[in-house]
Each structure stands twice: as structure tokens, then as C-alpha cells.
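Number of protein chains: 6
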Amino acid sequence: MSRIAAFGEVMMRLETPGFQTLSQSGNLAYSFSGSGVNVVSALARFGHEAYLASTLPDNPLGDAALAHLRKLGIQTPFVNRGGRYIGMYFLEHGFGIRPSKVTYTDRLGSSFNTVPNAPGDWERIAAAVDAVHFCGITLAMNELARTQIKQLAREVKSRGGTVIFDCNYRPSLWGEDGYAAAAPHYRDMLELADIVFMNEKDAMLTLGMPSGATDRLAQLQELIPQVAKQYGIAMIAGTHRKVNGDNTHTLAGYLYAEGAFRFAQPSTFSVYDRVGAGDAYASGMIHAWLRGCDPQFAVDYATAAAVLAHTVHGDTPMATEADVVKAMSRAAGDVER
Amino acid sequence: MSRIAAFGEVMMRLETPGFQTLSQSGNLAYSFSGSGVNVVSALARFGHEAYLASTLPDNPLGDAALAHLRKLGIQTPFVNRGGRYIGMYFLEHGFGIRPSKVTYTDRLGSSFNTVPNAPGDWERIAAAVDAVHFCGITLAMNELARTQIKQLAREVKSRGGTVIFDCNYRPSLWGEDGYAAAAPHYRDMLELADIVFMNEKDAMLTLGMPSGATDRLAQLQELIPQVAKQYGIAMIAGTHRKVNGDNTHTLAGYLYAEGAFRFAQPSTFSVYDRVGAGDAYASGMIHAWLRGCDPQFAVDYATAAAVLAHTVHGDTPMATEADVVKAMSRAAGDVER
Amino acid sequence: MSRIAAFGEVMMRLETPGFQTLSQSGNLAYSFSGSGVNVVSALARFGHEAYLASTLPDNPLGDAALAHLRKLGIQTPFVNRGGRYIGMYFLEHGFGIRPSKVTYTDRLGSSFNTVPNAPGDWERIAAAVDAVHFCGITLAMNELARTQIKQLAREVKSRGGTVIFDCNYRPSLWGEDGYAAAAPHYRDMLELADIVFMNEKDAMLTLGMPSGATDRLAQLQELIPQVAKQYGIAMIAGTHRKVNGDNTHTLAGYLYAEGAFRFAQPSTFSVYDRVGAGDAYASGMIHAWLRGCDPQFAVDYATAAAVLAHTVHGDTPMATEADVVKAMSRAAGDVER
Amino acid sequence: MSRIAAFGEVMMRLETPGFQTLSQSGNLAYSFSGSGVNVVSALARFGHEAYLASTLPDNPLGDAALAHLRKLGIQTPFVNRGGRYIGMYFLEHGFGIRPSKVTYTDRLGSSFNTVPNAPGDWERIAAAVDAVHFCGITLAMNELARTQIKQLAREVKSRGGTVIFDCNYRPSLWGEDGYAAAAPHYRDMLELADIVFMNEKDAMLTLGMPSGATDRLAQLQELIPQVAKQYGIAMIAGTHRKVNGDNTHTLAGYLYAEGAFRFAQPSTFSVYDRVGAGDAYASGMIHAWLRGCDPQFAVDYATAAAVLAHTVHGDTPMATEADVVKAMSRAAGDVER
Amino acid sequence: MSRIAAFGEVMMRLETPGFQTLSQSGNLAYSFSGSGVNVVSALARFGHEAYLASTLPDNPLGDAALAHLRKLGIQTPFVNRGGRYIGMYFLEHGFGIRPSKVTYTDRLGSSFNTVPNAPGDWERIAAAVDAVHFCGITLAMNELARTQIKQLAREVKSRGGTVIFDCNYRPSLWGEDGYAAAAPHYRDMLELADIVFMNEKDAMLTLGMPSGATDRLAQLQELIPQVAKQYGIAMIAGTHRKVNGDNTHTLAGYLYAEGAFRFAQPSTFSVYDRVGAGDAYASGMIHAWLRGCDPQFAVDYATAAAVLAHTVHGDTPMATEADVVKAMSRAAGDVER
Amino acid sequence: MSRIAAFGEVMMRLETPGFQTLSQSGNLAYSFSGSGVNVVSALARFGHEAYLASTLPDNPLGDAALAHLRKLGIQTPFVNRGGRYIGMYFLEHGFGIRPSKVTYTDRLGSSFNTVPNAPGDWERIAAAVDAVHFCGITLAMNELARTQIKQLAREVKSRGGTVIFDCNYRPSLWGEDGYAAAAPHYRDMLELADIVFMNEKDAMLTLGMPSGATDRLAQLQELIPQVAKQYGIAMIAGTHRKVNGDNTHTLAGYLYAEGAFRFAQPSTFSVYDRVGAGDAYASGMIHAWLRGCDPQFAVDYATAAAVLAHTVHGDTPMATEADVVKAMSRAAGDVER
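Protein chains in written order, with the working numbering: chain G, 7 to 343; chain X, 7 to 343; chain C, 7 to 343; chain S, 7 to 343; chain Y, 7 to 343; chain B, 7 to 343.
Worth flagging that the hints you see were computed from the coordinates, not collected in a lab.
Glycine is no exception: its CB is placed at the ideal position from the N, C-alpha and C atoms.
A hint or two may mislead.
Unchecked claim - The list that follows gives simulated cross-link-like pairs (lysine-lysine, DSBU-like), each with its CA atoms no further than 30 angstroms apart: (1) G:K107 x G:K248; (2) B:K107 x C:K332; (3) X:K248 x Y:K332; (4) Y:K248 x G:K332; (5) X:K107 x Y:K332; (6) S:K207 x B:K332; (7) G:K107 x X:K332; (8) S:K107 x B:K332; (9) G:K207 x X:K332; (10) X:K163 x X:K207; (11) B:K248 x C:K248; (12) B:K332 x S:K248; (13) Y:K332 x X:K207; (14) C:K207 x S:K332.
Unchecked claim - Facing chain X, from chain Y, some residues (calculated, C-beta under 10 angstroms): (15) G24; (16) T254; (17) F275; (18) A310; (19) H316; (20) H319; (21) D329; (22) K332; (23) A333; (24) V341.
Extracted from the complex, chain G is given alone in its bound form (with noise of 0.2 angstroms):
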């Protein structure tokens, strides 16, 4: 069992039921997510001492989301309480071909974009912790998120801990000339990373590297040692996604570690909320790493995981250990009862 760590926002969700739009319902179920809860959530139920260092109101969706963070297993010393909003992102699901949207209130003026951390608070969470996990969304946000971030990983570099970084790319947070204004700040955090979440794509936009292939495998096998050597991070990994036209999707995990490319079998199958996978696939990644498992298991244990948390409700995935290697071994199973 290792402890980790994630910096970042705590969303609330909030989705009409079935296939119905915001204009056609009256209702909406709600929980509280994040790229940072869903992966260490992931990780207690792997097993693991699981913290989040956020940000929350002192109101009623304060008090409302730290009971559900508790309620996913994470430990909550570090969330403080202060400001005056929380972030909020409404869901209506889509089917087939009609996609699903998503419509954000203003994160900008959440609790965790506008309150600073205490003194003090970078170096109780480093000690606590052996590892953390930060996200491109957060570096989007505005600069008391990028400089925080920054400092955060700057402290548990400088103890010892492994800093983890999922570029995670949304590009209608950085709007125009996005990737020009996101690259300095994706530089600094990569060259703070020991654990890289990313594809070819981020490589060519947001860092600019020219590649003289084609085709998406090959841009990826030309670009991420380049990365991987220029930055010097012990591990990068991802996945390529293809969304097919039946309500499902095709999903094949990558790792490049120790100068060597491992894939899992790409993998096909029926999506019930894609909301939250990416994270699904990072903590089964770090999972296997911080058990030091044999890097071929990684990224199958990886995409298991991924595959599994596009079949549960809610961003956060809910498998636990062998669930997921019950889903590594075999396609479909009966009742179990």
C-alpha cells in the first residue's frame, strides 16, 4: 500500500436522466468528481492510502462533496474549506450518433481557483504522501492554479516523491492560440514529471515537435522516446480512442518505459459513460507501477480498467482489484451469483 496524493478541482456533476436533454427534463442526479478524485478513488479501492489537496466552499455543496469524496474512500485532511463557489458541469447523455454535451458554470470563480493554499500546506501534503498526481485541466485554469501546482510538485520533487502529470489537452480551455499560451506551462511540468500521461497529438500541439510520419502509431513511436529523453521521465503512457458508430468504442493503451514500447490488444466494446476513463486508465497505471508490476501487465491492467469505467455510471470508476483482472482474462461473463 502506497500513499498518494492528487492536486485538483472537485466538480459537480450534474446529468439528466436517461437520453433526455436539459429543455426536455425537470430532474438531475448529481455527484462530485474530477480528474484528481477519480484517480485517487481509484487507487483506495486498488488498495492504496488515497488523499485529495483541493479546495471547497463552506456551504452546502461544500459539505455535499467532501461527504461524497469520504464516501469514495479518500482521505480528506487536505481539502480545505473556503470561497464561496464550487465548480459545476452539466451533463445531458447523448446516443449514437448524437453526442453527449457537457455545459460548464463558471469554474473560474470556484473556491479552488480563487483561494490560495495556507503556508505550510505544500509541506504537510509532501510529507504525507509518496507520490501525487496533478492534470492538465487544472494548469488551464488561471495562475493561482498553475503557480500552485508548481509549487506543489516542486515540493514532493525535492523530497524524494514522484511527481505524475496527465497532459490531458481540453481545448476549449486554453481558446484561441491555446497551445502557444499552454506550452511554457506544459514544459515546466514535464520537466518536473517522473510519470507522463500523453499521445503523439500533445507531443505535436501543444509542445510543437515535428514528426515525419503519418500515421498515429507511428507519430507516437517516433515522438515519446524524444519526450521521454529531452524531459527525462521514467515513464509515459496513453491511449488512442475510436469512436465507433454503435455506442461503442475502441481503446489501445500504450507504455514506453526503459526505452521500450509495450501495447495492449486493442479493445472494443459497448460504452455506458465515457465521462472519467482517462482517469480509470492512469490509476490502473500507477497502480501497477507503484506495486512494481511487469510492464506488459501495466498497460493491460491500464486498459482493463479503462474498459470497465466506460461500463459504470458517474466519472469515477468503481472496480477494484480483481475486478480488474477478472475483466484482463476474458471477454463477457453470466450472472454471477
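Got chain G; can you put chains X, C, S, Y and B on it based on the hints?
Chains X, C, S, Y and B in isolation, oriented as in the chain G frame:
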């Protein structure tokens, strides 16, 4: 932006949740629809000024129906109140091989089918719109409905407006020897109509036109030009639908105008809610025609509108013009955020 | 254990959740009830063999109604299938000063009101039961219903069975000059009946009996003995209800038999669901009579049954004999565990 | 039938079901309201032509809000689209001694509070209506809102229209030293207004008027005539509310016009949903004034409208004129069928 | 119409909505089922007089179960009341690769498994029916259950009735060395049975019969005739099921009687609710046998009944004979109206 | 902030929605509670470090219970996993005169009542907390439960911790001659306890102490000081409850410490959910004691906490210290915004 009205009955749709039967469940969701409702609501969403001409009872069910029409974006100055009942149908959703089932209450006693419009109504409606939509379901009701359809159609035609007629022959509504009973009324409507929705079955069964061909497509190509010529119809359009065994349908749309056929690429897609998809096809075609679009674009747009309507809860299409255009150009997309 | 049948229509009750109006909500809960359904279901729960004689359409709504009747413990060999429709009513629950509202669909077209019973049905029913229950609501329907009520009542009476009639005059069903239209039919039923539920209003308004008294109780005590004598009725019973401003009602029950009145202590109680409480009173009285109970016990038992029916969701009473006896002896209790 | 507009923000109300807290539940029902929405929706139901002037974001939440406004019977040509967010509040229903709790999201970033109206909007609105309604909540927002309120009020006044202002001072919106900050703006509005909703607290706290009386009623009778005289207001009206311990409230309405007070009989009633009841009172008073009703009828009608609003789910009154008139004349009624 | 009883436990099924886990949800839908319940309910729907022999606790859960059985069309005079508990299972629906999970409460303490039937019960049941159905699940319970099964089977057999036994071996119920423990009881039942449901696995694992074949179909064709011969069984039937990766299953039914095999065309279909489909197959086969149908029709009918059962919510089949016959003849249909 | 543990069973509460019976409904809401759960959850909300010592099955129901405990703010390192079942109870909410009904499943087979704690558990728990809470319900279970209660109580006492015991005698759990069976165990617990919750009935019935008084209050004042003296108990507290006929209860709390009684003003209030209110009283008293509050404040605080618990859904109190303090000072408030 054009001005268009539909003349037709507002039906209350009551459906059991999920895939339960009426004997299993104790709950119903209700909404209000109807062929005319669906067509003009879709056209309102595509940016037109859309009216419904109908009659609703002056009781809480009529109030609820009227509120629902307004919510759908339909203008309601031509909705009269009077009579005592609203038509209803109960829907049990099928799954896979198990078909959906519709159970009607007594439609013939509804306000729409028992209360005649007031003198001057036809003139007011015809003066307010550029086009009017009718449907074969209304024609099947009773003499009052049939008389009123023709009165309004003549009034619109006499003022230079466009008359649109969707054949939509429902065997259960016309009873035994239904084709013979229906034929004179269908012929009357075809005489009045500028735009008609039908396929080869309407020509053969209702109009009694013989065909030497055995294959549906050949029959269509033989008979539709004859219908257009005989009745002086500017545009005829329709679809061929195939119900597959795995919760998918295949839809092939066509358009015949100015002596030429245009066909959309047949589309196979997962079906969430099949009711009302034919109205979505009609609304897409009418929209393209009102906008003066290219015929190939028209049939592709109408097909995409119909496909999207299968992915949305309820009888009434919810897609905007942007949604349809996006659906024309690709198979399926990831979450939009 | 006695054997009793009710002859009456099965109604589908469709109600909005909580206190929403039909314009606000989009959901309904449905169940199946009717005066006869309520009475015999309560009697089944009190330990009797209880039958319903009625007609339901041969479609999924009729199937659902039949399943519901069986669930309520009612024997259904005398429920015929035929015709096309089931009577329905929509219920919007009021709150405090805002009254509940009931909106009917067309009852006159229902299977019960359009499909005559087959020859031999009356004999089979009369042979199977000791008593039969009728209600003034059925009498208000149409000539078919009125004819059939009287046929069955005569058949039961001719075989020595007991005829029970609940006056239950509904002004909206008889229309203008309703009392005059109703009077001959009510007189016919009173001639046939052994047990009657009514109060002084029925005597004055429907039967046109004059009273010198001005106070309700005095009118009751003057007129009911006259009715009993004139029509040769063994037992007459009924209630006075007062609707208070704070979601409570006050109910005072009476019983007149063998020349003497018995009164229950008036009871004031919170009301959860008022519909069907009159049927609960009738069922309590019939049960006490079938068991040969003391008249004071009878009126107290019937009142407690009626009070309990106001605390239960739905039209149909759910109390067992033990529940009613417990309710007779105390005001309110803590959780039973 | 008069024509009236309200200028104000549309809020999304999100409420947990039953009496659950946000920490207990995972579900929300949502609707759209606002002081102006409530007032003009009620007036539409009373038979007037009712408009809302507001701004909504151009996203699925704005679409849903607009559909909801139309459903309520509100005309929406003066609802602009722009900006990014809609104001929201979360409602946890209290029970008995436990108060209801409202938690807001960031209203100041909403489309209404950030996107200025276009040149010509005020003229178009003022030309279309006889009266316009404003509320102190909008005045509390920011300089943009305050500027726009006054611009529109002046435009309406300059064309001879009626300006209605509901003081509705919310301490939490004005913050510390709020009364001092609010005073100049309230004085500006009182100068412009013809009809004002307020009571003695507004006079004493916001306007800083001293009173020699100690009892609320005496203070009211001393100060309201002074306000009317000083600002040249034709009619001032308002209520005194008392929250009782048993889920009931007591409401006493008054009206001051033409130098005389009229008082409604104080009413005590069970409360189902308290939010928006003040708007119902205002709408009742405005309706009576638009119809030229007798002052005593006006205050009784407005009180009945307010009482009914406490019995209906949601912020927005649902009563028709007939419902209110019926409620004026009696305490409580049995089921209406 | 034949008369048939099943002897077996009534289980309460409690399931989370949609695809949520018990840790995610806070809501459950409940119903009552059991192998015998499912079989006789289906047979009631096919037109037979169907009884359940079982024992339920005399508390509100037992009342609810009994009401549910009646609703399903099952006759309940042989359902005793006594003991304290009802067996329960919690069902979490899987999706795609994630399997459904069943969690039981303590079945051994249930009324059915602790309260012996009264003397004379077997005689009364055997006298009332033509056939009786038993299931291997009951055989797995305890000595009481096993003793009672055999007593009733002997009583029915001795009166010339038909004994039906569904092997339905559940490994988790028999524990370690379960096959050895089960074998003598299975042999006892096979000696008593006229109709048996099983496949080659039961023959090999439970009965310990060796097979030289390696392929399932060959094993079946080798062993089933041996079983029929050895135990003198008139008809043996069963299915092979394959769980595919895309929410579909493939089912292949067989029937062995009078020395010959009949096979249904294997069917692949989307699965909505898998539990109870084996009972639907059994009920279809029993129905065909009771009606004296042709063997090929029997296996086709049973297969169609099983396929339909996968498309219906709940354990208990809901199809009528007409539904099954329609499903035999086509793949999928459009809406039925 | 103090550290406190409760030792007790976690129960699954399954309740029908609204006021439906189990025979009427098909849905249940579930949550997890228990006397110890309720007390320590409330104390966590009041700011203490709160633990539960219990045992849960290692299956999805146990997982869900554990997640629920964490959500309530309870620390779970002393919750063991093992055994097979969780105790359950079904709750049907009564209304007015109709009492709520609780139906249990077999508690004695639950993990808590069948799996003994491991050696060292008592020491670990006792070392971690300042006080431990026990309840008479656990004492009623079986020898294992009784033995373990006493072991843990002795361990805590021996280390100087505080032992709290809530008598909570449930007649249905102890059966016939229950008082005699319970007496020795209650005496053992009173010997060990520092703080006891009880009233005069426990003294008279369980402890068999005679009283010369006839009135409850006089009996209390006579007997409680004797109990305190005889068993050396520092503080005894409890309540008298009266169930009124109109959905209200009246509660009168008392406290006896240092030779003196303190009484809270009796409080009458509307009841939303009665279960668990006694635990809220206990938690309020323990909190006041842990904080060293004045005795009169303690009894007022505990009473307000209990009253608030009647207004909240579920067994477990949800009030914060601020909520309770606010409830102490006023009757009812308007919406808080």
C-alpha cells in the same frame, strides 16, 4: 424564416418507464405530440415561425397540452379550446425482438374530432402562413376532420400558399376495406397538395396503381413520377425503413422533384425512440425546401434529421439546424465539452 | 367468511406526484379502483371471499387492470373482457385551501358502459354470492348500466341474497335537473335494497322528501326512519363530513337499524388521500353486518375503517381487521417494531 | 387585457426531493423562476399579455430556461441571448423548526448581470407595454443592472406607462452597511415608480425614516402615507408575515391608495412551498389595479393569490383568476370532480 | 387448460436502478420471483390453471409477496403462512464486460426452508393438479426442503400426475464437493421425474457419467439418451447458452423424446434482463407438452419464450402464447399500433 | 474535540416511498444506520473524532454500508469485515393514526452477531478513544454480543475512559419474560457505566425497583437518584415522549447529575421521521458533557438536537452544532438565503 402551420390533433403520450409493460409498472411519463405538432416544433427549432391549428379541451389536460406546445416553441393563437377530451395513447417500449406496443383511448371523441372550427378560422390561418401541413392520420378520423382538412387546404391554396400532405396511411385507423374507403380522400388531398410524403406502397395500395416491378425501389421509381404528373405535385419524398434484429434500423430517403430522383445514402443506426421519426424526415425536407436548398442536400438533411430523431426521447424532434448539419457529416463523436 | 360481489366499473386513476398540477409535472402514478373495487377489496382484506363483476377491454390496459384487481385480493371470474376502452380519471392533489381536482376521460365509451353482459351471467353471479354491492355512480352512467344493475339486483334478491346500495349521488354525472332524472332509478334501487348508504341530503334532494328541521342532524333523524319504513330497508348508514382548513377532516358516522340510531364519536384527523374513504366506511359496515356484530361496534368499526382509509395512498383501503380494531381503541401510536 | 413586462433575472432553481439535504440526496428537480418571471407568469394566467425582458446564455441551460418561460405563458421577444452563465440557487426544504436553506451560485457572472442590452431595446419594450415591473433584488446586483433598471423605467415613464417597483430588500445581497449603499438607488426607483410594494421596515431601514410608534402596524400607518406623499406614489401595498411553529404561516395584506388604507383579514394556512409567494401578492395587486377593481377587493384578491401560492410547488404561482376568486370566498373544499 | 403446481421458494428480488452498484445507489426496485414462481406464472399466462405451493412469513413482506403472486396470475391456496423470514437477493445489473452480481441474504432461515408443511398438504395439492414442477435450487437448500420435495413428488406420481424436474445445479449452493453431495438427491428426483430439464454437464458432473466426446453437442447426444433410458424419463430438454461480448447472448435449445433429438435454430439476441430465462424455456416446453404439440414446435416455442424473457424486466416471463408465436416467426418488428 | 467510539451493529434500513405499504409499492430507498452509527455520526458533525466498532460482511452490501459510514463522517478502522449477512429492517411510514411499521430480517445471523472480534481489538479501540457508547439493543442480541460489549466496556474503563450506556429496552427483542432475562445484563452494564440513558420505566421494569408514586414524573424523581447512587453513575438522562394524534409529538428531556435534576421545557413539534431521535438526544447530551457545558444547557441542547432529528429524513441526525444552537433559541424561521 418562413411561416408555417400544421392542422392536426394533439395527442397525449403516456409511456411506462424503461422497458416495463403496463401490467408491471405503476408509473407513466406523459408528453404531448402529434404529427403536426412534431413537424412544426421541428421547424420552429430550425428557425421558422411555426403554428399549430387544433382544438383542446378546456380542462387541466388541455392546459397542460397547451403549455407543452408553447414549451416546444409553437405559436398557439390558432389552438381553440372546447369539447371535453384529448386523444391519448399508451406506449410500452419494446426491446430487441419484442415490439413496442401502442394502445389508444377513444380518439373520435376528442375535442379535435368533435368541435368544428369557427367561421373565419380558415381565413385567419391562411392569411398568417406561407404553408400548411396535413397528415393522413387526421384524414382517417371522421367526416368532420376530413371536411375541415379540405376547407383549410383550399383556403391556403386559394391564397397562393403551399399545401403539404403526408400520406401516413395507418391500417388500424381505416379498418377493413380501408384502402377503398381512404382512396377518394387521399385523391382529394393529392389534388390540393404541392408537396407530398409517400412511397410506392401508398401508390399501389391506396391509389390502386399497378406496377410491373417486384422490387420496392423499382416500384418506387416507376410509380412516383406517375403520381407527380397525374396530380401536379411539385415534390414527393419519403423513406424506406428496415427494422433489424439488434435494436437498429436502416433508413433510405428519397426525393423526387423536377423530374429527377435523389437518394440519400442508406443509414443504419441504434434506435432509442422510434415514434415521430417520420415527422422529423418531413420537417427536414420542408425546411430544405423553404430555404431553397439543393435537392441532394435536402434529402441528406432530411435523413440526418430523421436519424437524430431516433436518438431522442419522445415523439418530437429536438435537433437544431446545427445539430442536423453536424450529423450529416460524420458517424459519431466523443463528448462535446 | 361470507361471499360478496360488487357490480361496477373499474377506473384507471392517474395522479401527478406530490402536489404538482398536470401543467407542472410530466409524470403520473396509476392504479385501478372504483367504488365496487374498493368495497370488495376491503372485504377481502377483512377475510371474505370477494368478487367483482365488471367488463374490461381486451388490451394491455385491461390486462393491467385485471392484474391489479388480483393483487388487491379480488376474485375475477366474473370480469368479462370486451369493448375497447377503460374509464380513467386524472387526479391533481390539492393542499390546504387549494382543492384536489379530478378530470375524467370519456367514461360512457368504456367497456363497462358499452358491452352488455352475456345471458346467464346474472345467474352465475347470484349463485356464487351471499350479497351484492351497487353504487349510485354506476346508476348515473347510461341505460345499459342502469338496466344491468337492476337485472343483477333482482336476480340476487330472488335467490334470497342481500342487496346493498350506496346512493353516492354525483351532481356532475347527472347534469342539469339531475335529481329529477335520478329519482326514479334511485327509488327502484331502494325498493330492491336491504342495506343502503345515504344521508339526509339524498332523502331531500333525490327523493324529494320534505323536512321541517334546519339542522343536518335533525333532518337525518327525521328522514332516515321514513326512508327505511317506506322502502322496507333493514339498515341505513352513512356519514357527515366536514372539511377543515388545515388538511384535516371531521367525520361523524351513523347507523339506523331496527328502529334505532347509533352514532360514532366524531373523529378529526389529518388527511393524506381522501378518495375512496366513503367506500371504506361502507366496507366496514358491511363487514360488521356480515359478522353479525353489535350495531354500536358496527358504526365504530366503519368509522375507524374510514379514518384509516384517509391515511393510505390510493382509493382502495389497505387495512386489515386487526388494523381497524387497533385504530378503534386509540388515537395515535409510536413506531411498531 | 393589459400588456405588462418585467425586467429581471431568470434564476435556475435546483431543489432536493422531499426534505432531504444536499449531503443526503443525489437528485435535484430544476425549474426557472425569478421575481419578474413569477409576476408576469401569474399575470399571463390572469389573462394579460405578459413579457419578460432579460438575458440568457446561448447554451443548453439558456435553451431550457427559455422553453420554461414559454411554458409559463410568458412572451419572450425581449429575452436576449448572450454571455455564458445563468444564475442558480439550490434549495433544501426545511420542515417544522428546521428552516429551508438557499445556496446561491455566482449571480454576478450571469448573462443578465454582465451583458448590456442593445441600443433601442428600451424603446421597443416601452412601446410594447402599458406597465413594467422591477424588483429590489435586481437593484442589488451591480452597476450594470442598476443602470439598466433606471434606463428602462425612465423610458416607460416618459411614454406614459406605469412603473411598478417591489422593494424586496435582501440583506445578504447588499452586504455590510447595505442599507446605506442601497438607499440612493431605492430613492431613485421610488421617484420613478407609480406602484410600490414595501412595508414599514423598508421605510425605516432603507429610507431611514424615523417612527415614534413601536408596534409594526402603527409604524406602517405612520410611515407609508409619508412615503406616498414624498415620492408621489399612487399606490403602496405589502404584507406582514408571521412564521408559526407548525408548518403554518400567517399573512396580513394591506393597500394604501388615495389617502386610505385597506387591510385584508389575516390568513393562517399550511405552507407547502413558500418561495415566490410575495410575487404572487404583487401579481394579484397589479391585476386588480389593471382591471380597476375596488381597493378592498384588490387587497383580498392579492392575499388569496399569495395564500394559494404557498400551496403550489415551485416559485411561480399557478392559480387562475377563477382559482383566486374561489379561494377568497371559503376556507377549504372537498375534492372537485 | 391443464392444472399445474410448482413447489418452491418465493424470493424477494431487490435491484439497483439502471447499472448502478449498491455502493453508488440509494434506491432499489423489488419484486418477487423464484424458479417455481416464474414457471407457473408463465403457464398461467399461456392459459393454464397454475398454483404455487410454498410458505411465506406472516408479516408485511409476506403480504407483499402474496399480492405479487396473485398479480402474476398464480393461484395461492397452497401458499402457507408461517415462520419469520423471506429469502432475498440483491441484483446489481452489469453492462458489457462487467458482469451482473447477485448477493443473497440468508435463505436457509426463510419460512420456506424452516416451516414444514402440514399433514394432508401433499394430498390436497396432488389432488388438485395434473403436473408438478420442482427445481434443483430447492434441492440444494436443506434436509427439510429435500424431504418435502420428494414427499410431494411421490404423492403426485402415485396419483398418476406428471413430475417435472429442472436440474438447475448451482455450485455456490452446494459448496465444496457439491457434486458428490448432490448426486444421490438428483438421482432420487430423476427416478421420480417424467420430464427433466438438464444438459450434458449435469450428466457428467452431477451424475458422474463419462463421455468419450470432447465437444458439448456430441456429449449431449451421447449422454442424454442414456439418462432417459436409465431413469425412464419421457422427455429431456435444455439449452446451451453463449455469452457474447456485446450485451448479446446466443441460445440453442434441444429436446429429446421418444428416442429422437429436436434442435431449435440457435438464436442471438440483445439481453435486457437475463435472470429467469431458463424458467421461461421450461415453461414453454411444459406448455407445448401439456398441449400435445409436435416436438419441433415445442423446442421452437420454448426457445422463443426464452428469448422473449431476456427482453422483459424482471425474473418472471410476461409473454402470452400469441406473443411467443409471433416471436417464432420473425426477427423484429416496428411499433405495433 | 474528543475521541469517541460506539460499538454496535450497522443496520440496513429499507423504506417504501411516501406513505405506501410494502404491498402497494415496488420501490425502496435504503440507507445504513444503527444506534451507535447515529450517535457517533452526530458527534462527528458536532466536531468530534468519531469511530464505529462493528463487523460487516465482505460483499457488496458490506461495501455499501462502509461507504455510507464514511459519508456520515465516521472513522472506520475498527470496522471488521467477515461473516455473510447484514441486519436489515423494512420501514413503512405511517400517517396520523396509522402507525409506522418495522419488519426485521434475521439479525442474529448478521456478521456483527456471529463473527467475534480478534484478540487485541479491544485494546486498540480503548487506546484510541476517550469514551465508548453501548446500547441495550446490542445487549438483546446473543451471548456473543453481550460478551463483547462487556469486554470492551471493561477495557475502556480500565484505561480511564468513559463508558456510556443507553438502556433502550426493546420488548420484541427480549421476548417473553424478557425483563427477567435482561436484568442481569443491564445490571452489569450499569456497574460499568459512567453515563446512562434511561427513564423510570427501565428502573421499574428491568431493574425491578418499586415506586410508591403513580405519576411518571414523580416515579422518575424517586427512582433515578437511587439508580445513580446504587451503581455509582455520574450522569443519567432521558426523555418522556407523548405521541399526539395530529402527526406531532411532545418531548420532555431531563438530566440528573451531581444530585440534581434539570428539565428542558417540553417541546411539541411536527414529526417527519421519528426513527433515531433518541440517539440524537443521547448525542446532544454526550456532546455537552464532553464540552463540559452547564447542565441546563446540556438538557436544552440535547432536546433541541432530538427535535431537529424528527425533522430530518433517515435515522441519522444531520444537524451541526450551529443548527442545534439556533433551534434552541426560536420556534421556526423563514427561508434562509
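Results of checking the hints against the structure:
no. : hint            : result
1   : G:K107 x G:K248 : 18 angstroms, holds
2   : B:K107 x C:K332 : 14 angstroms, holds
3   : X:K248 x Y:K332 : 18 angstroms, holds
4   : Y:K248 x G:K332 : 18 angstroms, holds
5   : X:K107 x Y:K332 : 14 angstroms, holds
6   : S:K207 x B:K332 : 24 angstroms, holds
7   : G:K107 x X:K332 : 14 angstroms, holds
8   : S:K107 x B:K332 : 14 angstroms, holds
9   : G:K207 x X:K332 : 24 angstroms, holds
10  : X:K163 x X:K207 : 27 angstroms, holds
11  : B:K248 x C:K248 : 27 angstroms, holds
12  : B:K332 x S:K248 : 18 angstroms, holds
13  : Y:K332 x X:K207 : 24 angstroms, holds
14  : C:K207 x S:K332 : 24 angstroms, holds
15  : G24             : 9 angstroms, holds
16  : T254            : 7 angstroms, holds
17  : F275            : 5 angstroms, holds
18  : A310            : 8 angstroms, holds
19  : H316            : 8 angstroms, holds
20  : H319            : 5 angstroms, holds
21  : D329            : 8 angstroms, holds
22  : K332            : 8 angstroms, holds
23  : A333            : 6 angstroms, holds
24  : V341            : 4 angstroms, holds
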